[in-house]
Structures are given as C-alpha cells and as structure tokens.
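S.K.: As a plain string of letters, each chain reads:
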Amino acid sequence: MLSTFYVEGQGQTKRITGTVTDNNGTALAGISVTVKGAPGGTTTDNKGNYSIDVASAEAVLVFSGVGFSTIEETLSGRESVSVTLTGQASDLEEVVVIGYGTAQKKDVTGAVSRANLKAFKESPNTNILQSLQGSVAGLNVGAVNRAGATPSISIRGRVSLSGTSAPLIVLDGIIYRGNLSDINPADIATVDILKDASAAAIYGSQASNGVLLLTTKTGTAGKRPTVSLNTSLTFQKIGNDDMLPLDAEGYLRLRADRFLTQSRTGDDLLSPNPSWDVLKVVPAEVATGIQNGTNTNWWDLLTNQTPMIQNYDVGVSGRTEQSSYYFSLGYTDQENVVINDTYKRYSMRLNLESKITDWLKMGIQSSYSINDYSGVSPNLANIFTLAPQMAYKDSAGELIRLPNRAALNPLLEVTQDNFDKRNNLFGLVYADLNIPFVKGLNYRVNFGNNYIQERAYNFNPFGQNFTGTASKSNSSRYNQTLDNILNYKRSFGDHDINATFVYGYEINKFDSTGASAAGFDNPALGYNGLEFGSAVLQKVGSAAWKETSLYQMYRLIYGFKDRYVFTGTLRNDGFSGFAPDNKIASFPSAAFAWNIRKESFMDDHLTALDELRLRLSYGANGNRTVGRYQTLSTLTTSFNNGYLYGDGGLAQQGQNITQLSNKSLRWETTRTFNVGVDFAFLKHRISGELNLYSANTSDLLYTVNIPSVNGLTTIPMNIGKLSNKGIELALNADPVQGENFNWSTSVNFSLNRNKVVSILGIDANGDGKEDDLIASKIFMNEPFGVVYDYNIIGMWQVADYRANIIPAGFTYGTYKVEDMNGDNAFTAGADRKILGYTDPSYRISWLNTVRYKNFELKAFINSIQGGKKYYYGQPAATVPNPDNMQTNNFFDFDYWTPENPNARYRQLGFYTTSIGQEFSPYIQRNFIRLQDLTMSYDLPQTIAKKAGMKRARLFLNGKNLFTLTDWDGWDPETGTGLATGAYPLMKSYSVGLSFDF
Amino acid sequence: MQKIIIVLIGIAILGISCNRDRFLEEEPLDFYTPDNAFNNVAGYQASINYLHNQMRSILFGGYHLESYFPLRYATDFAVNATDYSPPAKLNDYKNTMVPTFIVPEKIWQGLYLIVSNANVVITRSRTSTAIPEADRIKFRTQALFFRAWAYNFLANLYGGVPLVLEETVTPRKDYTRATRDEVYMQCKNDLTEAITTLGNVDAVEAGAVNKQAAQHLLTEVLISLKDYDGAITAASSVISYPGLSLMKTRFGRHATRPGDVYKDLFELNNQNRTSGNTEGIFIIQADYQNAATITRDVIQWAIIPQLASLRVSTSVGGKAPTSQPAIKGFNDKLAGRGVGWMRPSIFFLYEVWDDANDMRNSEYNIVRDIRLDGPPANSDAYGKYYVADGYKAKSTGFADTTRNWFPILKKATLSEGDFPQEVLEKNAAGNPVMAPFGGIMLLNSSGDVYQKDVYLMRLAETYLLRAEAYIKKETPQRLQMMSM
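Residue numbers (this note's numbering), protein chains in the order written: chain E, 55 to 1051; chain A, 2 to 485.
By construction, these hints were calculated from the structure, which means they are not laboratory data.
Treat the hints with care, as some may be off.
Some chain E residues well away from chain A (every beta-carbon gap over 12 Å; in silico) [claimed, not checked]:
no.: 1; residue: Thr128
no.: 2; residue: His549
no.: 3; residue: Ser715
no.: 4; residue: Asp826
no.: 5; residue: Ile832
What the simulated footprint calls covered on chain E by chain A, stretch by stretch (three residues with Cβ under 8 Å from a Cβ of chain A suffice, anywhere in the stretch; the number is not a length) [what the hints assert, rightly or not]:
no.: 6; region: 326-335
no.: 7; region: 517-525
no.: 8; region: 585-594
no.: 9; region: 679-686
no.: 10; region: 758-765
Derived DEER-like restraints, expressed as beta-carbon distance ranges [stated by the list, open to error]:
no.: 11; chain 1: A; residue 1: Asp355; chain 2: E; residue 2: Ile454; range: 33 to 39 Å
no.: 12; chain 1: E; residue 1: Ala598; chain 2: A; residue 2: Pro259; range: 53 to 59 Å
no.: 13; chain 1: A; residue 1: Val353; chain 2: E; residue 2: Thr218; range: 43 to 49 Å
no.: 14; chain 1: A; residue 1: Arg254; chain 2: E; residue 2: Arg455; range: 29 to 35 Å
no.: 15; chain 1: A; residue 1: Thr275; chain 2: E; residue 2: Thr218; range: 50 to 56 Å
no.: 16; chain 1: A; residue 1: Thr275; chain 2: E; residue 2: Ile454; range: 54 to 60 Å
Where a beta carbon is used, it is the ideal one built from N, C-alpha and C, also for glycine.
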C-alpha cells in the first residue's frame, strides 16, 4: 500500500529524490532544485525533501535557496542525491514573517527571532509553546503540570502590573484569542517572535508584551504529494518522590512532632514521653484505624503509576501549478499522574491556496479541534491530608462516603459524571491580488473567523448532602477580523521600497448560558435532567459581552544599496473598551539598520567576518490593560446580594454599585529603545545575535487603594512608571563539520532588570522621594516583586527557651528574626526589609546536536538563575498552621524538632502570630534542568526507498530527566512549594516513529 | 472574474465605510448600570434589599469571618478557644489592634459599604422622577435607618469617623474625621426624620425597617449623646407601642414540648410575628435554601463545642484504659456540628447565673452535661455522663478542656426534628441512623445549614436600654467616678 504513493518515472525520464539539510542537519524547506540547462524545477518540502525528473543520468542538479550558497551536483547515475547547504551567502536573505507581510531578514530592522522548532520536534509537547521553552533568548515560557494546559508566556521583562503580560498571539496573520492548546503543534511551520517596539508596533495597543507570529504549514512539496506520519508514545513519572504523603507510621510520627510538649520530655525535650498517647490527639476514625492496622495509600489509589501520552499525526501536502494544499489530522491523548487529569485532542487542518488568474490568488487556512478535558480530578489536598489510618471502604467492600466525616472520599469524588469539551473552529479566507498595471502593488484581504464553543456539564451525586448537584454551562466565543492590506514593494536601482497600509476591524463576542440544580429525588438523569432537582435549588445564569476594535497601520521600509534600511510605522487603534474621550490610541516607531559588512572598507580588513549588521529602533507600544466595561459605572445585581421578608418569603434581588465610572482610564504605553547586532564569521561556523534594550512604561495602570469611606476600597488609575533594561544573546556554532560527524551547539542567554519608577507619585513623608507602597510591597527604584519581610537569623532552640531569652510570641523551633530597631518587639512597620526579588536574574539554555552518520543526539539544558538576590520563592508559605496540622497527614519535609535543630522550617506546633502563619524562609528557585534529550536514527535512504518511503526516523526522547535545585517542593520552575494542592511536574520517556512517503 | 473583483471591493468598502464612533461604542450586555438600574420601584427595593443583605452578612460572619469573632471576643461574653498561645489574635491587643490588621480594617469597610449604598438611595430618591413621591420617601427613610445603624456602629468602635451623606460619584481621598458626637448627632437626625414616616412594626413586612426599630436605635444613640431624657422617651414609645409586648407564655413551633418560653423565642421560625411572637422589633431574615440567603449564620459552627474530638479515658472490655471518643457524633437532640472556635466566657457560663430560677439558664437553654455514647458499648464509660460521672474532672487533653467541651447554648442551634433531612446520617436503606441514647445522627454538614432568623432588636433589650438611660441619668456623678 505504501508503494502506491511512489510513482516510477515515465518514459525516458528518471526521478531523482533526496533531502536538503543545513549544517545542523535541519531539513531545509523551499530550496529550489533545478536541472542545469533545463526549464522548470521544484522546491523542497518542509521536510527538506524533493523529487525531480531528469532526462539524463549525467544531468547536473542545482540547489539554491536564499541564505545559502548554491551547490551543483552531477548525478553520475545516482537516483538519490542529498546535499547539505551552508549558509555561505547570508542568513540575512532568509524570509521572516513580520506581521501583515513578510520581509527578508536583511530588511528587518527590529528584534525578530525565529524559534528553532526542529530541535524539539521529538519532545512530547502537546502545546506549541512547550517547544519554545527556553529556546529563544528573551522569550520566557513556563512549565506546565496539568494535562492540556497552556504554559505561561512572556517576552522580556514585565511592563505591566495590572494588564496581561502575555504577548499577542497572531495565527496566520489573524490575532488569535483562543487557547493555544487547541492548535496541533504538528501543524505549525514557524514561530517568529517580535520583541522590540519597532517590530511589534504594527499591533499598537496590544503589542507592548511583544508578539508571537505563528504560521501554519502550507503545501510546498514537489509534484507528488508528501504524506507524513508521526507517532509517539510517552511514559511519565513524577519528578520528585519526596513529596508523597506519609504512610501510617509517618502519620503517627507527625503527630508526635506536632505535639512536642506531650510527646517529648526532659530538659532538652529529647526523651520520649512514656505517657504520650497518640490516641488523645487523633480523631475517632484514626483511632479505629490504628486499632485495625489500617494503612491506606491514598496517593496510590488516586494516581496513575505510569501515565501515558499518545500522539498520532498524519499530514498530506502538495503543490501543483494551480494550487497548493496541506491537510492534517492529529490525535493526542494525554494522561497525567492524578486520576482524571486527562486531555484528548482531535484536530484537523486544511490549508488551501488556488491561483485563479495570474494576478489573483485565493485561499483558506482552516482548522477544527475538539479538546476534551472531561473528568473530575480529586482534590489533591485531600489525598495529602487524609490519614492513612482512615479506611476507604467498609467491611462490605463499599466505598466509605466520608472517611473523616468531613471530606468526601476522593475515590467517590472522581466518579462524578463530568463532560468538558471545547471546540475550536478557525477559518481564514483570503484573496491576494497583484493590482494590474501598477507593478509591485498588491492588495490582500484577510477575513478571519474563529468560533470557540465550550460545554461544561457536571453531575455530582454526592453534592448537597448526597442529594446531588448538577450543572450545565454552554458558552461560545466568536471572533471576526477583516484586514485590508495594501502593499507596494519595488526596487528602483539602489532604492528598495516596501510600503504597507492596513485598515481593519475586529469584533469579539461572548455569550453563555448556565443552569444548575440540586436535591434530586431521582438522580438517574444526571445533568440532562436539571429540571428534576429541588424547585428552590434550580438556578440559571447568563452572560454576554462584546468588544470591537478598529485600526489602521502604516509601514514604510526603505532600503538603500542593501546597506541602510529604515523602517517607520504608525498604528492607530480604536477599542470599544476605552473611555469615550480616549477612544483612539496612536503608536509610532522608527528603526534603522546598517549592514556594515557590505561597506567596501570591511572587505579589506575582516575577511573572516561574513556578516555584521547593526540595528537601532525606538518606538511606543501599548497594553490595553483597560478591559471592556471597565470605565463604566457598574452594579452587581443578584439573589446572593438580595433579601427575603418573612418565613418562606420569596427571594428578592439585591443590587449595589461595585464600580464607579472612570472616564480617565486609558492604555499603558511602553517606549522601547533597542540596539542589536547580528554577526557571523568563519564561514558562518559561528554566528549570533545580540540585543540590548531599555523599555520605559508610563501611564501604568495600578489599582490604587482609596479610603473605604468611598464604598469601594480600590480604583484603577493610570499613574505609574516602570522601566526594564536587558540583554539577549543568541550564539550558534558548528565546531565540528565532518563527513560523518557533525556537532553544532547554540546558547541563549537573557537578562532583564526591572525597576518601579513611580506608582502614585505621592511624597507624603516629605523626604523628596516618592513613598513606597509598603502594604503592597512595592518600592521605588526597586524591581517589582520584592521579598520584603522579617529577616531570619536563626532558629530558637530549647536551650534558649530554658535560658528564658526567647521574646514573647516565639518559642523553640520558631524563626529567630532580626530585631532591626532593637526595641525587642517585632512589628511589620519597623522590622522588615528587602531580602531579595522574585524575578529571575538571568536565563540560559544550551542546545547541543551531535550527528554521526544516521544517528542524531540532541541535548537541551535549560536554566533559570537568581544570582545573589533574585528568583526567590517561599516554599513553606502554605504549610498548614498548627491547628490544621493536628490531625491531617502531610509529607515529610525539613521541619524543626528537638532532634532536628538545624531544620530549615519551623516546628509544626507553633507559629508566631504577629509575623503571620505564612512567614517562612525565602529560598531561591534556581535550577538547571536537562529538559530534553533526544536520540534519533534515520533509516538510510537506500533502505527507506526500498520500503517506499522518502524518509523514516525512529526516536527516543527523555524530558525533564534531571533537575538540579535547592528548592523544596514539586518543582522550582512551576514554583510549587510545600503545598498539598499542587500538581507535580512530570518527567517522561518517549519512543516515536516518523515517516514520509 | 469581474464578479470576484466586485465582491472583494465590496468587502473592502464594508470595512472602511462603517461609522467609527458607533462601531466603537460600548454596550453593556449582562449587567445594570446606574442609567437603567433606578428606573422603577423594583430598582430601589433591590438597593434596600442589598442593605439588609450586607447587614446580615456582617452579623452572620459571611462578610468576613475573621472579623466576626472579635465582635464577640474581648467582651464579657466569649474568648477565642483555638488560640493556645497568649499573644494570639485579639489576646495580643498591642500587635493586632492596629489599622493594618485585617479585623479593624474589615469591620470599617463593611460598615462603610452600608453607608455608601444607603447614600445612593438617599441621593437618588430625592430627585427621582421615575417613582411616585410616596415611594421616594419610603425608600429614603429605610436608607436613613441603615445609614444611622452603620454610623452608630462606627462611632461605637472607632469614635469620630468621616461623615459622608451623599452618593459618591468620584472617589475622594481627602476625608477628615468628624467628632464622635457629630456622628451620633447625624444618626439622631437621620432616625428622627425616619421615625416620622416609617411604618409600625406590625404594619410592615416581616424583617423590614419600621418605626419602633428606629426608635430603639435612637435610644441607643441618645444614650451615647448623654441625652438620657430623650433616650427614655424614645424607649418608652417602643415599650408603650401596643403591637409589642414581652412573651410570657409558651408559643409557636414547639409550644407543647417540655421547655419554656425563653426557648420558644429561639426556635426555628419563631421570631417573626406570624409565629405569635410580639417581642421582636427588628428581625434579620434567613431561610434555609432560600436563594437570597446564601450566608449561613456561623454562630452554631463557632460556639458549639468541638464534641467530635472530645476524648475520655476508659477501660474497654476490662483492659487497661485507653483514650476513646466521648460521643459517636453530633445528633439532632444535642446540636448541629460545632468546632468550638468561640468559647463563652467563665463569667457567662457560670458566674452570671446567681438566680437559681433564671429561665435563661434552664436545662432547656443551656445543656451542661452529655451522655457518653462514643466509647465501645463494652467499655466502662459507655452510657455514663461526662460531667456528673467525673470524666470532665479527669480530662487532661488541652483542647478537651478548652474547645472540645463546654456547656451547649441551645439557642445557637436547631431543636430536635428541625434539621434539614439531607444532613441526617442515613444507612444504606436510606433510613436515619439513631444515636444510642436518642436523637438522629447528623452529618458534619449540619454545621453549615444553620440559617435561622435572628433578633437584631428585641423588646427585652429596649427595657434594658431604658434602664441604662435611667441609671445614667440618676447617677451621673457615680458614673463619672467609675470612668476615672
């Protein structure tokens, strides 16, 4: 069956196939392959494969592509010719997506990076963003610990406190408002990241966090369609076994450690107290369990030991003279460690473009995905806190409803009937016409539609005191975009002009209807029988909103002699959420690039230098921050707010004003200055990019405390200022380039320093400097995210207690904090100071690719570091207070006991009220992680061909295999500390196959 | 081909030619704004309902639990039973009675929410043309009552506070404190105005603001203003109002059960006048499972001891004594589930009852012993009494002596048979599970379903206020000496 895809050459012609790769072994798409002296030709597909018909066994094939040196290969009777192209010519001729169009990299004046998606192709990433984690300098992608979750993402430093810090996502030219989990990562061809003001300015009021441009695959193959099959199977394990709940014996030890005065005796509290009776402190159910020897492993009962991820993708792409197409189907089934933390995605895509006439193309880029998050996961906190002595089933084998008389048995909790599906339909229809008679003038209209439907249904037979609760919620979101793009691109001698004008609108709508009921006499119909719930417990809800935007964008790129490039842009953004007097925001930017290498004086001096380019840009970008309806006076109306009169009285609505009209609210503006250098030398064996930036945000929206006498405690105001400065460096090198052995390596480094310049502008204490907002822990001229707290200088010990030198409110096994003003009291006002900062100091990652013949090994190490003062977290902030530690189970951690006097954390039975129950040491989240390790083997071309395949690859991948950290908790990067409700980060092992036919 | 071009140009023109201002106009779709919320009587009523709701929320602990307790701690009534160390919470006044501590902050905020939302009604009802004049006055006077209640509360706790008397349209930061007397004077003015038009207690809906409630509140305000004659007059108008009288005979829901009239006063649904009760002046309304009764009254959960954790030492089957649970669980004869967060003071539990015939201290109203049904049936303790048989005297566990046991205030729970069906423990056949010595076993959720009407003002209290006014009037010098 496979061979049906392979058509033998007809007549005298012979079909030649092969793969084109670059020095890194990365397949090259779009490389032109022609037969010397013959008309026509083909281009490589996105796997780097080509096939071309030749008339003679001695023909010469010519491989050429922008950014690469041209190679000629004589066939000498070969039927398969694979070549490696070196970027001899210039990486600068690569075409990148710049938003509302494309440009050659040499004409790009802003900071734009293209992600290396190939490096993580074999990783079990269910979300495209996971493939960007750590791989682009200045792009910060968080780790995920839930199935089907979308990681947090930001570019460079924080430029907003109230607004979103996520970059704008643009999918195939349309602003994408959905969830990136809905998009099959296998469909994404490229991800370009617009980092500085000049590059992002085309998106104006939504661009201050940068822009991610995602482009899906199109048909670029030769005459025959290419069929790609990818499949992988992943086995996962939790990353950290220290966090598992204690067993029965550990539970009893925890009780003794919680009640030190009862369980210990002697002056030094080091002797066991013979009269300690654990039965005195445990609830009746545990007492029974102790007598019965019960030892329930709640963790094992409610987790999957080896959760799996399965992934299958099929893609078909092709191109004829008239049209090109890409069609794909994908299926992902992810199972995480906690029962019912699952995710299934069924996705399909059809991208089609047809040439109607010589001057008119029309096309569609469409996708549909069904995302299934159904299933209720148990409350993780219960798994950790339920005592192992509590039985989960009774003598008849039935599950016990309330093992501790309070919390529902988690084994019952997970049996709820739950349905949670989200469907995403995306369709972009476009027409692209070269306006006749005006050379270089092109008009394109993009009409984008995105419809997202969410259905969340649940029936909990145990709710409302076991009479059942059920709910049904249907919501939909519709997004419509129309962009008219007029582009004029032409060269006049030494002058290159690329001018773009965009006029468009966006409409974004949401509506939802929900109903719930409780108290079912007959629960047989579940959530499909809401009307059979108790009459007084049936509730309905509905919601709707609408946002509109209207915008124009002007951009001119002017190049002179390929040496000097100037870009100027202006974007005007109107948004319905802005106040009437502030409806339109304008964002200008300008940039300049100088291709120094092209200057003649360079040729004489630096022959080893292949490339040197300097870029400067300055511009303003916005963050809408102000959401819809935020400038309007708003009432909250509900029964919850209401009242009744008389026994059995009818519930009446209540209303109160929860938001005052605030017409002065506006967007935030960030002005960024960026200097960049692109360089390459030693025949491109070493290349890189360096960016330095300084970004200043003004009109920062901040929720200001106002006297609650106003009836509200806070209002948002545009008054603050933030600044960010940073460095980004990307370095690539090919230290070894041999016939059979290649080694290439790349390092990404980024560092950002954030500073609060102003928030309220108030100097109440008259010291000439703006006052700090101590209650919110915001300090002027310090980074946002300050660790401002009491300084721990040790731990009070039993000896101190006996010497009677422990201050009031403290005892042995509590934190000894610095008395900064020496008044022998510990007050929030006088005894706290800045101990560090929560943001990372720098991020660094290192990718190594080693190829030996058909084997390839890729290792990716990612690290986030805090240096001396940065990246602090507080892992023990969530450790339960003594009251909640009386009978609950927990996991083992480094807490104080008389036997463990040098512990990191306080004793379990006491905390100092005046400094708060959350008070605990700050620990740096620094880590170095072997994030990806991939070994792959390509079947030799000759064998593959015999099997009727263009390419076959077998791979093994390990993700998050090893993490070096001093953090306490599941994981430093997710920042989850000693908390019972947190999900673990998984490590995984995958095996996979990919074929091209 | 021409068709295609025409369509494309058509789309382009569509995009360009729309009216910019109309396109960008913002239209609220799922919430009310002041423009459309006060166009009829129902809108104003909804605002008054909110004032009731917020008052209930503060007093039931729904607004902010942590600041619910301090309104009872640090009085002669109760102490915190969960703070085992001296400097905890309100036991540590020096570090917690500061403006940045959540408790004083939240109570202040909650009361100003009443003031500001009352002001919305007061300001808007003055000029509204959307509703008839009679309604404008009706809503204004009810709002005046709530504003006076909140300001009186604020003045009692914080002294002089900023006086705001109109709706806030633009937030301000330049408020200054009035004097405490100015605040009380404002309360007096508001109440005096309200009293002229408010309906009588027996003429308004159950739970609604009424003239006698305003007069009762005015009594308290005038005492604070040292206008004792005025206070006596105001109290006397309440006491002499024919629609009100003290309850002296058994009535209502469980009138035929063994008990007394004081117990009747606190039975479920025995507070409103429909039950025959003529003692209630202002009654906070709450119905279990009513959509407008979301917040439970936390009092039962807070002040019923944590009996489920109480332990006794007893010999089981003749073996050496071990620690055993004292009770099998809460049952409906005893009380709904409590956690003993708040412990009535020694003064309240034991010392104040110097009159042996005080009905409030009857066995029906304060349960001072329980029968042990928790230990195994073959143990020595089974069926014995916790206090009478000496188990309490022998208890050593710290929590056992503070929060796990103290006498049960029956008025803070429901009576036998009054718990909702779904919080009764049921066996596999669906039948209620009986406790060994009577009563139906309750689920833990019995601590969450306590929603009962509560007196904010009761005639008995008016008598006490009048008595206070008389005492202060007669003996100003003695009081002066005491305060020194």
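S.K.: Next step is simple, just say for each hint if it's right about the structure.
M.R.: Hint-by-hint comparison with the structure:
| no. | hint | verdict |
| --- | --- | --- |
| 1 | Thr128 | holds, 46 Å |
| 2 | His549 | holds, 29 Å |
| 3 | Ser715 | violated, 7 Å |
| 4 | Asp826 | holds, 15 Å |
| 5 | Ile832 | holds, 16 Å |
| 6 | 326-335 | holds (count 4) |
| 7 | 517-525 | holds (count 4) |
| 8 | 585-594 | holds (count 4) |
| 9 | 679-686 | holds (count 4) |
| 10 | 758-765 | holds (count 6) |
| 11 | A:Asp355 to E:Ile454: 33 to 39 Å | violated, 49 Å |
| 12 | E:Ala598 to A:Pro259: 53 to 59 Å | holds, 58 Å |
| 13 | A:Val353 to E:Thr218: 43 to 49 Å | violated, 59 Å |
| 14 | A:Arg254 to E:Arg455: 29 to 35 Å | holds, 31 Å |
| 15 | A:Thr275 to E:Thr218: 50 to 56 Å | holds, 54 Å |
| 16 | A:Thr275 to E:Ile454: 54 to 60 Å | violated, 43 Å |
Consistency with the previously given hints fails for numbers 3, 11, 13, 16, ordered from lowest to highest.
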